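Those protein sequences? They're chains A and B, same order as listed. Once you know that position 258 of the first sequence is 313 in this note's numbering, the rest is easy, because the numbers rise by one and skip nothing. Once you know that position 106 of the second sequence is 155 in this note's numbering, the rest is easy, because the numbers rise by one and skip nothing.
No lab work stands behind these hints, which were simulated from the structure alone. Remember, it's a predicted structure, so these values are computed and weren't measured experimentally. Virtual Cβ for every residue (Gly too), placed ideally from N, Cα, C. Among these hints, one or two may not hold up.
Claimed, not checked - Short, incomplete list of chain A residues facing chain B, as computed with Cβ under 7 Å:
#	residue
1	I91
2	A298
3	R355
4	S379
5	T383
6	K386
Each chain, written out:
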Amino acid sequence: MSSQLATTPLHAWHQEHGARLVEFAGYDMPVQYASIVAEHQATRTAAGVFDISHMGRLRFDGPRADQLLDHLLTRRVVDMQTGQVRYSLVCDEEGGILDDILVSCLESPSGKNYFLLVVNASNRSKIVRWLQPHLADFPDVEFHDVTDATAMIAVQGPKAIELCNTLLPASVLSLGYYRAKVTEQMGKPCIVSRTGYTGEDGLELIVKSEDAPRVWENILMAGRSFGAQAVGLGARDTLRLEAGMPLYGHELDETIDPYQAGLGFACNLKDRRFIGSDALEKKSKDATLPKRVGLILEGRRAARQGAEVLDTSGRIVGQVTSGSFSPTVDKPIAMAYIDPSVAVIGTSFDVDIRGTKVAASIVSLPFYKKS
Amino acid sequence: MSILPEELRYLESHEWVSVSNETPGIATVGISAFAVAELTDLVFMALPKVGQSVSSGHEFGEVESVKAVSPMYSPVSGTVVEIHSELVNNLESLSVDPYDGGWIMKVQMSDPSELARLLDWTAYKHQCDNA
Numbered sequence: 056m057s058s059q060l061a062t063t064p065l066h067a068w069h070q071e072h073g074a075r076l077v078e079f080a081g082y083d084m085p086v087q088y089a090s091i092v093a094e095h096q097a098t099r100t101a102a103g104v105f106d107i108s109h110m111g112r113l114r115f116d117g118p119r120a121d122q123l124l125d126h127l128l129t130r131r132v133v134d135m136q137t138g139q140v141r142y143s144l145v146c147d148e149e150g151g152i153l154d155d156i157l158v159s160c161l162e163s164p165s166g167k168n169y170f171l172l173v174v175n176a177s178n179r180s181k182i183v184r185w186l187q188p189h190l191a192d193f194p195d196v197e198f199h200d201v202t203d204a205t206a207m208i209a210v211q212g213p214k215a216i217e218l219c220n221t222l223l224p225a226s227v228l229s230l231g232y233y234r235a236k237v238t239e240q241m242g243k244p245c246i247v248s249r250t251g252y253t254g255e256d257g258l259e260l261i262v263k264s265e266d267a268p269r270v271w272e273n274i275l276m277a278g279r280s281f282g283a284q285a286v287g288l289g290a291r292d293t294l295r296l297e298a299g300m301p302l303y304g305h306e307l308d309e310t311i312d313p314y315q316a317g318l319g320f321a322c323n324l325k326d327r328r329f330i331g332s333d334a335l336e337k338k339s340k341d342a343t344l345p346k347r348v349g350l351i352l353e354g355r356r357a358a359r360q361g362a363e364v365l366d367t368s369g370r371i372v373g374q375v376t377s378g379s380f381s382p383t384v385d386k387p388i389a390m391a392y393i394d395p396s397v398a399v400i401g402t403s404f405d406v407d408i409r410g411t412k413v414a415a416s417i418v419s420l421p422f423y424k425k426s
Numbered sequence: 050m051s052i053l054p055e056e057l058r059y060l061e062s063h064e065w066v067s068v069s070n071e072t073p074g075i076a077t078v079g080i081s082a083f084a085v086a087e088l089t090d091l092v093f094m095a096l097p098k099v100g101q102s103v104s105s106g107h108e109f110g111e112v113e114s115v116k117a118v119s120p121m122y123s124p125v126s127g128t129v130v131e132i133h134s135e136l137v138n139n140l141e142s143l144s145v146d147p148y149d150g151g152w153i154m155k156v157q158m159s160d161p162s163e164l165a166r167l168l169d170w171t172a173y174k175h176q177c178d179n180a
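With these hints in hand, go ahead and build the complete structure from the sequences.
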């Protein structure tokens, strides 16, 4: 392990429990504890507990915080109610995607509303830099990067809510999907949101760094009888891929616009202006750019990022952005950007996997939908 | 015949090779228990064809886990005379028995002196323990 790597407040636990640690976005993170497939299945059938403290957490206080964020995000913010969470993109002036984020409107214990942005770990420093001139335009908005002071734990799976029964107040367990609340866990402050990145029901918790090991242990202990287990980033990736969720650096980057990515729903263009809105207005009508699709491959070998997609005449029509063997589908699955003229469900292609052509066809996303 | 890991020779890249007294020119090749444990969740293995030539230190196939693809390197040079084709449909067996039942290919060696350049168990185990 390189000494420059950042660690989460749960790093010691991961080390003590045999996690295989890898560098991810500057953090020394657990990729798996034992088996990716076993951790994946545990999340699909019971519950998985994830250390996602590497995600960036940015807090905005002040009466005009909503206006600042409404100017920065593709999703409308000024009409958000206390306790609401929205998925949004951050775009540049050209409409390229700088990040995909969750924005929550929360009420502090003192009764004031504030906003919390959860950004990708890999984009945190870029976004914080990019924010600076905009913050200068809104001097009354107080900004804090609270990532290092806090930890974030996800509990995901069909048993996730039930297993938190003994740990969290009932008012939190009855939160609707994409709702969040500031509450307490054993007398310590805790933000709970009904969100996730696995395609399962579940919660994401934000606690103070010093409280994180205790909360983590409590969840795992409560989860033991449900078959819950700690899950690393390896299964987090296969779970989100099955759920058809994009990952920044794979499906999303600054050269991709939201409409290509199938994320037009996260852009509210009507009656509002925000950074990138002029460019997005044009892009929303441009149907010539490659489109994000899902592929299922024949055989057992997975297509990885960068693999070329060819039509039946051998012409290159696209490129894979993520791919893995899918434990749930029991076949290799992938996401790819494909020429829109052939990006039609059911169309057959070949994927070039290191020189071998493997048959694939487009299926509708997601690959997995919870019952 | 039972293959014991202590009696095998290894490449640093975790392939083992075994040569029995009955067929001294034939090398049996596989991947070590350490490699299987490191890879986890195997889903695919690409094998060479019978008659194909392989050379020492060069790729002869690949093994793929849910997370990654890893090339497999041949410890010896020669011609592939047999492949373990059933193994491909039974990769989980490698985590139980990577030696006897988990052999991957047999090679008619063109230069058996290459064996002397491979790691013995003590050296290989030392490498794994310090990985």
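Hint by hint, here is what the structure shows:
1. I91: holds, 5 Å
2. A298: violated, 16 Å
3. R355: holds, 4 Å
4. S379: holds, 6 Å
5. T383: Because about 12 Å separates T383/A from the closest Cβ in chain B, which is outside the 7 Å limit, the hint is violated.
6. K386: Interface hint status for K386/A: violated (10 Å vs cutoff 7 Å).
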